[in-house]
Amino acid sequence: MEGSKTMEQKVLDVYEILKELCLVKENPSVSSNARRALASVWQIVNNLGLEFEQIYEYE
Amino acid sequence: MSTEAKASKYWNPRFETAGREEIRELQLRKLKGLVKWAYGNSPLWQEKFEGAGIKPEDIRTLDDLRLIPFLTRDELTQTQNVNPPFGKILSVPPQKAVRYHQTSGSSGKMPLKILDGWKDWEWVSEMWCYGMYAFGVRPHDIVYIAYGYGNFIGFWGAHYAAEKIGALTIPSGGLTSEDRIKKIIDIGATVLVCTPTYAIRLGQVAAEMGIDLKSQSKIRLLIHAGEPGANVPSTKRMLTEIWGAKVGDFPGMSETGGSTSYECDAQCGGIHIIEDHYIQEVIDSEGRALGYEEKGELVLTSFGRATIPIIRYRTGDLVERVPYNTCSCGRTFDLYRGGVLGRADDMKIIRGVNIFPSAVENIVRKFDGIVEFQIVLFKLNGIDQVKVQVELKDNMDLQSQQKIIRNLSQELYDANRLKFIVEQTPAGTLPKFELKAKRLKDLRDQ
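Here the protein sequences line up with chains G and P, keeping their order.
Quick note, the first sequence lines up with residues 1 to 59 if you use our numbering.
Quick note, the second sequence lines up with residues 1 to 446 if you use our numbering.
In isolation and in its complexed conformation, chain G is listed as follows (with noise of 0.2 Å):
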């Protein structure tokens, strides 16, 4: 269930999404705007420790 699900969990889910949402090709203002969600999100990864990676790929 979504609401048994901890912060580090709900911000990997997003982490994720974002990803797979700056592929959208026919859609730029999906494709930007989840650039720089992806961009802010990965913030909150690398700050709580849960992921170390560079994304230019999504970028």
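Everything labelled a hint here was simulated from the structure, so no lab data went into it.
Built from N, CA and C at the ideal position, the CB exists for glycine as well.
Just to be clear, a hint being listed does not mean it is correct.
Claimed, not checked - When the alpha-carbon atoms are kept at most 27 Å apart in a straight line, the in silico BS3-like pairs for lysine-lysine are as follows:
1) P:Lys-6 <-> G:Lys-10
2) G:Lys-5 <-> P:Lys-348
3) P:Lys-419 <-> P:Lys-348
4) P:Lys-441 <-> P:Lys-393
5) G:Lys-10 <-> P:Lys-164
6) G:Lys-10 <-> P:Lys-9
7) P:Lys-218 <-> P:Lys-183
Claimed, not checked - Partial pick of chain P residues on the chain G-facing surface, computed with a CB cut under 7 Å:
8) Lys-36
9) Trp-37
10) Glu-126
With chain G's structure known, arrange chain P on it following the hints.
This is chain P only, laid out in the frame that chain G set:
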């Protein structure tokens, strides 16, 4: 009955209060990832690793960091000269970048050109958030950024950090000092971001306008970076008296993009290292690691911007590291006592005596009657001399002026055991600075 969670006083409580071992484990994990990235994507780093006979998998512990060769400013300059515009250090195609900046050129060297992708650029402001939040900036603040907003990265990161914290953020590029002062008062700004030199300058201009900033402005926090000053005790005191505000020091460098350390609101006399985003070493002149309470050169490894991987970068800044519990704030990040103490290349030797401009500043700023100053080194009959030129406040009587000159000369001698020539210059003759001050002229080779 519901209870609201209380906002933390730490921007990232996850690691700002983590155990030292947990911080080290995080640093190792990030270091391995960074090294693999740099080796696989930056031609310069691949050459450096191969030249040192190592591969990324050789980095297994934090101690293995010492296997990695240092990176220097000269190497970055050279690679950008030989392979313009961005050099072989670049790890991504330039089209991946969304921001361009360059170093200020204040060191006299050719400016470095820097690119950031979205993630890197958000990280730059994130580092400022650590510091600005630690110093007390909150969503209810009105943050005034007194800076030109050009190519120099300067306070761009602070601007976006203030927005990220939720504060109303006011840019002021292209305005005169008088206009900025009026706006600071009119808009009710509570936080001022600029170099310490410029905060002093605004104080002087305000006085000429008949404005007392302490009583007429609502500024409660001064956020300073870009040059030493906020860490120089006399300068800090002077700024506190001009503005009636707390004065904070937030060193950083264009090469890493973000702040590297910050002063928290406990103001213990040091600055916290952002240890979940950097590994910071202190080395002696031979490159050997130094321990706590030993002054040496700061070497940075940054886990943020990866377009230009910064690993074991020799900054030329002099620091003295002390343990985290030197500060009462509860953070587990170590500190640098006194902030950045100076630059190795700022130190001048006059007749066998080491002179640091920031140490001279600390003495000069004790005298409220001094508006601006400049240090001039020259030769007289083949012998090195040091002169401090001072511009004094307009309305001073002759006796007060002479007293300042006399006392300053004595204090400089007492501190250095070296005679300083102290010379008063006419009002308005010394340069005034909006950004970084250049107060030392070395004319000895002329």
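The hints, checked one at a time:
{"no.": "1", "hint": "P:Lys-6 <-> G:Lys-10", "result": "21 Å, holds"}
{"no.": "2", "hint": "G:Lys-5 <-> P:Lys-348", "result": "60 Å, violated"}
{"no.": "3", "hint": "P:Lys-419 <-> P:Lys-348", "result": "15 Å, holds"}
{"no.": "4", "hint": "P:Lys-441 <-> P:Lys-393", "result": "23 Å, holds"}
{"no.": "5", "hint": "G:Lys-10 <-> P:Lys-164", "result": "21 Å, holds"}
{"no.": "6", "hint": "G:Lys-10 <-> P:Lys-9", "result": "23 Å, holds"}
{"no.": "7", "hint": "P:Lys-218 <-> P:Lys-183", "result": "11 Å, holds"}
{"no.": "8", "hint": "Lys-36", "result": "10 Å, violated"}
{"no.": "9", "hint": "Trp-37", "result": "6 Å, holds"}
{"no.": "10", "hint": "Glu-126", "result": "5 Å, holds"}
Violated hints for the displayed structure, listed by number in ascending order: 2, 8.
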